[in-house]
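Residue numbers (my numbering), protein chains in the order written: chain A, 1 to 351; chain B, 352 to 697; chain C, 698 to 1243.
Just so you know, these hints were derived from the structure itself, not from any lab. Treat the hints loosely; a few may be bogus.
With a straight-line cut-off of 25 Å between C-alpha atoms, the simulated PhoX-like cross-links for lysine-lysine are [stated by the list, open to error]:
id	chain 1	residue 1	chain 2	residue 2
1	C	LYS1074	B	LYS475
2	A	LYS125	A	LYS178
3	A	LYS340	A	LYS329
4	A	LYS243	B	LYS475
5	A	LYS159	A	LYS329
6	A	LYS79	A	LYS178
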Amino acid sequence: MTKQNPDVSRRRLFLGAGAVGAGALLAACTSNEAPPAVAQTKGADNTNPNAAAGKAVTIGFSAPAADHGWIAAITNNAKAQAAAYSDVTFKQVEAGKDAAAQRAALDTLIAEKPDVIVLLPHDGKELNAFGLKAMEAGIPVVNLDRAFPDALAYRLQIKGDNYGMGVAAGHYIGKTLKAKGVASPVIGEIAGMDELELTQERSQGFAAALKTYGFTVANRRAARFTADSGQKEAANMLQALPKIDAIWNHDDDQGIGVLAAITAASRSEFFMVGGAGSKKAIEDIAADKTVLKATVTYSPSMASSAISLARLLGQGRGMADLVELAVPKEIILASETITKENASSYLKLGF
Amino acid sequence: MSWWRDEAREPLRRNLGLVGVLLALFAIGAFIRPELYGDPKWVTNNVLVIMTQAAAVGVVAIGMTFVIIGGGIDLSVGALIALCGVWATTYATQSYGTVGMIFTALAVGIGAGAVNGLLVAYGKLVPFIATLAMLVAARGLAAQISGKQTQISNDAFINSIATTRILGIPMLVIMLLVVAALGWVLLNRTTFGRRTIAVGGNPEAARLAGINVRGHTLALYALSGLCAGIAAIMLTSLATSAQAAAADLYELDAIAAAIIGGTLLSGGRGTIVGSLLGVIVFSTITNLFAIANLPTEVQNMVKGAIIVTAVLVQQLRFDSVTKFARRHGLTRAGAPPEAAAATPAP
Amino acid sequence: MSELLMDAPASGAQEAGEVVLRLSGVVKTFPGVRALDGVELEVRAGEVHCLLGQNGAGKSTLIKVLAGVHRPDEGRVEWLGEQVSFGSPQAAMKAGIATIYQELDLVDYLSVAENVYLGHEPRSLGFVQKGTAARQTRELLGRLGHGEIPARRLVRSLPAAGKQIVSMARALSHEAKLIIMDEPSAVLAHDEVGNLFRIIRELTAQGIAVVYISHRLEEIREIGDRVTVLKDGRTSAVNLPARTTPTRDLVSRMTGRSIEYVFPPRAQQEPGEKEHGSSRPAAAQAAGQGTPHVPLLTVRGLGRTGEFADVDLDVRAGEIVGIAGLVGSGRSELLETVFGARTPDAGTVAVGGRPLPPGNVAAAVRAGLGMAPEERKSQALLLGEPIYRNMTLTTFSGFATAGFTDAGREQAEAMKIADLLELRPRDVRRAVRTLSGGNQQKVVVGRWLLGGTRLLLLDEPTRGVDVGARAELYQVIRGLADQGVGVLLVSSEVPEVLGLSDRVLVMREGRVVHTAPAEGLAEEDVLDLVMAGSLTATDERTEEQA
């Protein structure tokens, strides 16, 4: 420190450093480097004849810009799976904000003549025409999760089972409560965005499965797939139901907020089932320290599988374990139930 | 009676009206679920839950009240909450600890608010457009920073804010009341508040009185941004996480709360207490619908009806004034006809 | 009155058509004012009838009565031989009376044809016949000699002159038999006025009557057939021949108030030397500090493109300087520029010898300037706020401690001013909205008194103020000057400028055309300068003709 006029210089130094520091700190704070996201991939496995390198294949890929962990995981998984194959060139196009933007981006993709296109459409109905167009141009289309109404518009469809998710959650809750001997349980449901068809399907499956045990949903709130909306709906539901036996929350991302609300209200008389199968949820289930005891999957791992199958399509190969020489036309992933017992084996599939 | 009818008592009448609405909502609840509303302990707890849920929106509604009284509007507050929350919960920020996270949330809020203010005051953009652009951009930046993932807060202090109670009152409720009290003092007892009313009530008169209208406008948007930063901390604590899609449509809730609380959308008039009551009314409706197990879509319709009713009541008052003015030829900017200046002959 | 009623067009320029409109004894009162107090008017088919009168003489009210905006309280209005009373502008329009206001009432983002047929679109089965409207609009524009204006073009993209023609086409589309034009030349460039006159002549040739209002005497001479003069809401002359009546006669019928304003006496001392007196407020002493002969306000070469140019003026402490001029002469713009509310393109403003930064209101206020703007309600007041807060709008920061306002002290200070200005009512917590025009103006003036203002800029200080309150305001203004405050005053009313000021500047078309002590000036001369009637020149011409 210099001796001259310490008062002023020190203050200036402090202010200057403060301003510069603030800016630097803020800039540094956007970094999200560690720890790296682990993608769900299937590595090369020498015993699987499909793993052997084949003809070089270019796979075009498009999924909506995500504001949600699940869709982000879809893109990550597709990319990572493609990178695992030496014979696959991965070509991603931005899907933009809506169906129209995605259609425009895909048109340019067709012009580049990829061998296969893997596509998570904004809206299956709106992009049906694109599927037809690509198929006519001789490019097989793999539809991810959001079905085209027209069977000619895709070569392969791979999707999760929303109704099945509800059924799985309903059965888990029903069985557990029966085992506990609860006669007329109070069951809460925190759904996702109500305006989406998938939310309706999940709720229908849930209600149908509960019905087989003679149970009904006592209170149903619709959140917005975000943690803060989950928190809000859960806090109010806990007020509406002073005693609860079980809750199904459709989505593990909004479940973070639901759990926070439950913790804040110091409630623990019930157990909760999640949905989708996020990494955090699976960890919580394994640790068994919260009311979250299970989650039913709707795994974004389907994107990894879609890339693997697209590669086989491009190479004209079938699935090695099956008799057929070509890849099947439709694959619906079963919704699996993750509990403390099997959590460790699912941990790598969490997103 | 004349004391009661005086123009200066208008906010008081309106606020008592909102309290009446709250009591009516309570009565409806008691009618639907008498077993719950008969339990004083449950009722107390429910009031605190309602207030806790109102806390984050309430803080931005108070910032919004200042902006609207000052003649503007801020559509970006919801997006700013998301951006502040996401920025404050990155791995890098969390590595700086609690202070780093709080500093980041507040600094990002003030900074983004100041950008709004610059665009409006010096860039001469219409507030609606400038803050709409900020809404879109801030959500985009939040998605970019978060990599579209839900970011979990691992900070014990931040997470404990939502669960801490002081003398039985949740910390978030205390924060809301403190912000409201500070806002009330700022609006009613300081030169800043007086300038806000002048700038919003008649910007030309304020300018010709030597008030720095542009500088003050900038400060108002920065204040709104600061409130968004505070709300982001509250929401992060409540949800123990932050994400780019958080605080969806909070801007509309805050604007609606200010309006049913009596803040004039054209500026120059409004009260903090009214906005606070407005937020509590909305929070109570959400709570009541959960308790009655009615679906969200019905709840949104009721909210819409309440906003329209409040604005209609406001217009009825002004309509009578406008009609009077029109009948007397005072339509253009309130200027009297040339004839009014004529000298009558004896 | 008998001498006023010269009958029949003496000029005989055109053969007289039948009388289409006759007004007799029309009275219209507003709260506190008799705006029209017995107006006579007779308009014949195919003539251009000019309406002349000073600001406040009642011209605008008369137009609004004819256009169906106001209903007269007394008197008869005969239209095409029948007594009528129009309940709405639409009714007048339907009867064949169209009005073209100064601020053209067109919808910018509609096409020419859509504007022309706005409200009476040609329809079939409920659908607007766009093609028909466009074709008919083209015909109307052709009749006006402006077939080149595309019927489908957006009105927004037309110049002022073009918009005026669209307004006229709209009038024709209603098959108007009488078109009222309120200062149509005010928005036009000089060469466009000739075109306007050509159109007016074509209209009158088709038998349409035109009532033409203008402040410019030379226009009246060129286009008018007969002139009716209004003064103080009464007809002071009817049916004068427009071309041959001597200017002096016209001006004299516009001037000379039937009641005199009560003006306070002027100061006896020479302004600027009062600094040597003893019993003056601190503000005035500060104004004269050091250099007693430096004027309080010095303006040199001030100009703003398109508004005014090359203005030099001085205001000394204790002096009232009045600026006379028409709307559009640049007087209000000049005042606002001096105050820093507009940034000048050229020239300097100095207070007490120190130059002011251009376009900076805050600096002007700090230097001791205060302004009461023309539009009191939209430019000066917070109508819903209490009186005291309006009075302390420039000073509340000064009364505050550490940023906290002191409402008690503000009210006390405001109360002092309210007493000084005899504000009614005296309750400073009441909303300004509830005050009369005169008392609202006192609040604006009072605002600057609180701040210790040394130089007050007053733009139309008595607009919308009734007679009694005017006299009070004049007392207040003179009283301030007596205490050493400099006053720069703008008014459209010539008697006010002459009666109140020590010195008078006349502005016309953005330039100061005359400066003189108020006492030596006659109302007629100033009015003539203001209106560019060019008294001498016109008189020479009429004399020659005679």
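Comparing the hints with the structure gives:
A distance of roughly 24 Å separates the Cα atoms of LYS1074/C and LYS475/B; the hinted pair therefore holds under the 25 Å criterion. Using a Cα cut-off of 25 Å, the hinted pair LYS125/A and LYS178/A is violated, with the two alpha carbons roughly 41 Å apart. Taken as a hint, the LYS340/A and LYS329/A pair is broken in the structure, with Cα atoms around 34 Å apart against an allowance of 25 Å. Restraint check for LYS243/A and LYS475/B: not satisfied, since their Cα atoms lie roughly 56 Å apart, outside the 25 Å limit.
Restraint check for LYS159/A and LYS329/A: the C-alpha separation of about 12 Å stays at or below 25 Å, so the hint holds. With a CA separation close to 44 Å, the supplied pair LYS79/A and LYS178/A exceeds the 25 Å bound.
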